[in-house]
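Undergrad: Take a look at the letters that make up each chain.
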Amino acid sequence: MHGPFTHLRRLLLASIACVLGAAALTYLVDPLQLFRASHLAAFYSDDTRVQNAGLIRSQSFDTAFMGTSLAIHFRQSDINRALGVHSLKLAMTGSNSRQQSFVLEQAIDRGARRVIWEMDDFIFVDAADIEADPYLSVDLYRRTAKGIASYLFSAAMAKESLFVLLRSIPPLRQPLTSAAPFLPVKFALSDVDVIYALPREFDLARDYNAKKALASFAYITNPVRSRFLGEGYGYDAMVRHFEQDALGLITRHPDVMFDIYFPPYSILQFVAMRDASPETLKIVTDVTAVIAERLAQVPNVRLHDFRAIKAVTHDLNNYGDVIHHSPVVDAMVLKWLASGEYRVDPNRPLASLERLKAQVEAYRVPQP
Amino acid sequence: MLFNSYPFILLFLPAVLAGYFCLGRRSNLAPVIWLALASLAFYAIGNWEFVALLLTSIAFNYGVGHLLIVAKLGAAQRKSALALGVVGDLLVLGIFKYAGFATENVDALLGTDFAIHVLLPVGISFYTFTQIAFLVDAWRGQVAAYALPPYALFVTYFPHLIAGPILHHKDMIPQFERQETKRPYAHLILCGIIIFAIGLFKKTCLADGIQPLVALAFEARSPSFDQAWLGALAYTFRLYFDFSGYSDMAIGISLMFGIFLPVNFNSPYKAISIVDFWRRWHMTLSQFLRDYLYITLGGNRRGRVLRYVNLMITMLLGGLWHGAAWTFVVWGALHGAYLCINHAFNALVPDVPAIFARPARIAGAVLTFIAVVVAWVFFRAESVSWALRVLCAMADPSNIVFGREEIAGLVLVVIYAALVWLAPNTQDIMGYDHGNRTVGETLREGRLRPLLLYAGSLVLAFGILGIQSHSEFIYFRF
Chain A
68 MHGPFTHLRR
78 LLLASIACVL
88 GAAALTYLVD
98 PLQLFRASHL
108 AAFYSDDTRV
118 QNAGLIRSQS
128 FDTAFMGTSL
138 AIHFRQSDIN
148 RALGVHSLKL
158 AMTGSNSRQQ
168 SFVLEQAIDR
178 GARRVIWEMD
188 DFIFVDAADI
198 EADPYLSVDL
208 YRRTAKGIAS
218 YLFSAAMAKE
228 SLFVLLRSIP
238 PLRQPLTSAA
248 PFLPVKFALS
258 DVDVIYALPR
268 EFDLARDYNA
278 KKALASFAYI
288 TNPVRSRFLG
298 EGYGYDAMVR
308 HFEQDALGLI
318 TRHPDVMFDI
328 YFPPYSILQF
338 VAMRDASPET
348 LKIVTDVTAV
358 IAERLAQVPN
368 VRLHDFRAIK
378 AVTHDLNNYG
388 DVIHHSPVVD
398 AMVLKWLASG
408 EYRVDPNRPL
418 ASLERLKAQV
428 EAYRVPQP
Chain B
74 MLFNSYPFIL
84 LFLPAVLAGY
94 FCLGRRSNLA
104 PVIWLALASL
114 AFYAIGNWEF
124 VALLLTSIAF
134 NYGVGHLLIV
144 AKLGAAQRKS
154 ALALGVVGDL
164 LVLGIFKYAG
174 FATENVDALL
184 GTDFAIHVLL
194 PVGISFYTFT
204 QIAFLVDAWR
214 GQVAAYALPP
224 YALFVTYFPH
234 LIAGPILHHK
244 DMIPQFERQE
254 TKRPYAHLIL
264 CGIIIFAIGL
274 FKKTCLADGI
284 QPLVALAFEA
294 RSPSFDQAWL
304 GALAYTFRLY
314 FDFSGYSDMA
324 IGISLMFGIF
334 LPVNFNSPYK
344 AISIVDFWRR
354 WHMTLSQFLR
364 DYLYITLGGN
374 RRGRVLRYVN
384 LMITMLLGGL
394 WHGAAWTFVV
404 WGALHGAYLC
414 INHAFNALVP
424 DVPAIFARPA
434 RIAGAVLTFI
444 AVVVAWVFFR
454 AESVSWALRV
464 LCAMADPSNI
474 VFGREEIAGL
484 VLVVIYAALV
494 WLAPNTQDIM
504 GYDHGNRTVG
514 ETLREGRLRP
524 LLLYAGSLVL
534 AFGILGIQSH
544 SEFIYFRF
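First to last, the protein sequences are chains A and B.
Going by this note's numbering, the letters in the first sequence line up with residues 68 to 435, in that order.
Going by this note's numbering, the letters in the second sequence line up with residues 74 to 551, in that order.
Hints were generated in silico from the structure; no laboratory data involved.
Keep in mind it's a predicted model, so treat the numbers as computed, not measured.
We put the CB at the ideal spot given by N, CA and C, even for glycine.
Just to be clear, a hint being listed does not mean it is correct.
Stated by the list, open to error - Covered stretches of chain B (chain A as the covering partner; in silico rule of three or more C-beta atoms under 8 Å from a C-beta of chain A):
hint: 1; stretch: 263-273
hint: 2; stretch: 472-482
hint: 3; stretch: 524-535
Work out the full structure, taking the sequences as your base and the hints as a guide.
TA: Take a look at the structure:
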């Protein structure tokens with residue numbers, strides 16, 4: 068009996084040693100750069116909800132750039148060039164206003180004096196409270212004991228740390244760095260500027276064209292699926308979330324300038340609602356009317372509305388589906404933000420919305 | 074409570090083990106009651122609202138079993154008692170599992186709106202099937218009288234309660250009654266921990282590790298050829314490691330208590346035919362469907378045509394057992410059709426000459442795997458139309474993306490394929506022999522001991538490090 072119990076003890080002690088060893092490796096390599104700037108070559112991940120916690124700690128910036136998938140392909144270098152700022156892109160695909168507001172608050176606490184915020188109406192739908200959100204570890208951002216433990220005692224992070232370590236060995240550095248984007252590792256990007264950015268050589272015409280936009284329109288307006296158009300939309304909840312998450316953040320930080328913009332969806336997005344879910348269209352226009360009117364009264368906000376720029380929104384070749392525009396439009400967005408050309412007049416906050424409504428009313432979908 | 078959670082590994086399991094062996098010093102019955110109560114607590118922690126249902130189900134089936142075993146009933150009365158038991162079980166299962174599905178279909182047919190939303194009690198399929206088998210065997214005269222505590226433990230035994238394997242009373246109750254299992258046996262505990270560690274690693278590092286790739290096929294609106302294949306293969310491997318990991322953990326935990334659970338999983342993707350696949354995948358369910366459904370329907374004793382009809386019925390019901398949705402019906406129908414084709418092929422085509430045996434086995438394995446992957450698409454998809462969209466993408470090689478993400482996905486899939494086809498399975502590594510109640514004989518003899526011990530510690534460490542806060546078992550809700 069004595070022998071096997073010795074083996075049992077040995078097994079358990081060796082396991083504890085392995086767990087502690089893995090945690091020590093992650094702490095020393097620190098792939099997220101949560102504790103210190105990397106001693107080794109720094110690498111970044113497209114997993115923005117996790118990566119942002121490290122970026123806020125490791126990068127220097129004066130401007131935070133926030134948004135959803137509509138803002139995910141921007142490059143920080145382009146933002147800096149167009150707006151003359153030192154930016155940090157924190158956009159997260161499919162994010163809601165709770166997540167965005169929380170992450171922005173962290174960025175402001177770390178020194179952001181300006182926020183550029185792509186504000187999608189969908190971000191205000193009802194979702195989990197930030198403290199209970201399974202998709203965003205608030206503890207990691209706050210660096211609580213739980214957050215740090217979840218970071219250090221993680222097999223996935225130990226694997227990444229080991230890979231970062233291997234990449235720091237001179238003979239392996241070049242081949243592993245080149246291969247990293249094609250391997251199943253998260254921290255594969257060697258330049259913070261390329262997080263979620265499309266490659267320079269990306270074939271835009273293949274992924275953004277009228278055929279795809281119209282196919283997407285047909286798909287979402289199909290009677291079988293059209294009910295999804297209004298899924299999650301509720302006027303009261305959306306206004307409440309706007310007040311709490313967006314306006315609450317803005318009024319808490321009067322010294323920070325907020326450049327907020329409504330992104331240039333294709334006109335098909337609104338037409339889809341008009342044809343298949345008019346009640347959703349009403350909620351969207353009513354909610355964005357409230358947003359525009361409320362933000363018009365806040366001194367540290369500049370609101371830009373790009374939704375009624377016909378030359379862009381009616382040219383379906385700019386789109387990969389009914390809402391996502393190509394990086395060509397990203398460049399235009401930066402230009403418009405810099406020039407203030409489509410800034411909403413605080414005295415007439417609903418003017419651009421009225422133009423949009425008229426366009427939606429008049430638009431006829433091209434028939435194949 | 075999940076096996077792959079810190080509270081289970083660090084608190085629940087050690088506490089239950091300690092209580093079990095402490096009580097085992099004094100009596101043979103107390104540890105059984107303790108384990109049954111611990112199992113109820115395990116169930117109640119996640120599903121307290123269904124504890125009463127579980128207890129009612131135990132009391133009802135034990136009562137009917139008592140009528141069949143102890144009471145001196147005539148043949149007709151015994152048949153009525155069996156019918157009462159089985160119908161009662163199926164009625165409860167039907168209400169909780171299929172009422173919503175049935176009304177949905179009635180609504181769709183008649184244009185009515187009688188929506189019923191019934192929360193599915195976790196594990197109901199497992200504890201219902203377990204007890205139906207007990208009643209049928211009692212009716213057949215194959216059951217000795219059992220006391221209530223071991224019977225209750227047999228139904229609620231927490232290593233199997235919420236995701237299987239489906240247990241057989243003849244296998245389990247005698248083990249619960251044995252005196253030897255109540256004393257800590259270091260060799261079994263050691264082997265149990267290693268088997269648990271392998272299962273935990275499969276679940277937390279392998280199954281959860283490939284899970285994000287599944288979205289490529291099943292959450293994209295129009296996946297490309299490569300995305301559809303990668304997503305479908307990722308799901309195929311995820312399900313494999315999820316289920317296999319759970320089965321290993323169940324066996325490992327049980328072994329720490331000195332109880333041998335049946336093997337439920339035997340490298341099914343190495344199968345060389347679909348018949349072989351079902352002898353290796355969810356083996357206890359296959360046995361249950363064979364013994365209590367297929368054979369009851371007449372099996373292959375009523376001619377070739379009826380044999381195929383029986384096969385189709387069995388697999389259709391097997392599909393519905395997995396979930397109340399048309400996707401599961403299609404999945405079951407596909408496997409029924411595969412089995413019919415397989416049996417017809419075996420009947421019509423003569424044995425291949427020895428020289429072609431190996432290539433024929435390889436071809437059979439490839440064909441079986443592809444057939445299984447196609448069926449998994451229905452198993453995973455939200456709807457039949459969604460599954461068809463994924464399958465259409467898998468059949469359209471003209472639309473290929475093969476970007477950075479897809480290449481990384483392919484590397485991952487190749488690694489998983491190598492593990493599935495080249496690595497030995499847990500029972501081979503540990504020499505687990507359920508029939509002979511032996512395990513880890515090479516470990517006991519000292520051969521490979523340091524290697525297995527330190528490999529086991531590494532696997533356990535990474536299994537624990539891989540635990541994520543939101544990770545469920547796919548077989549949880551069946």
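Undergrad: Which earlier hints turn out false for this structure, listed by number in ascending order?
TA: none
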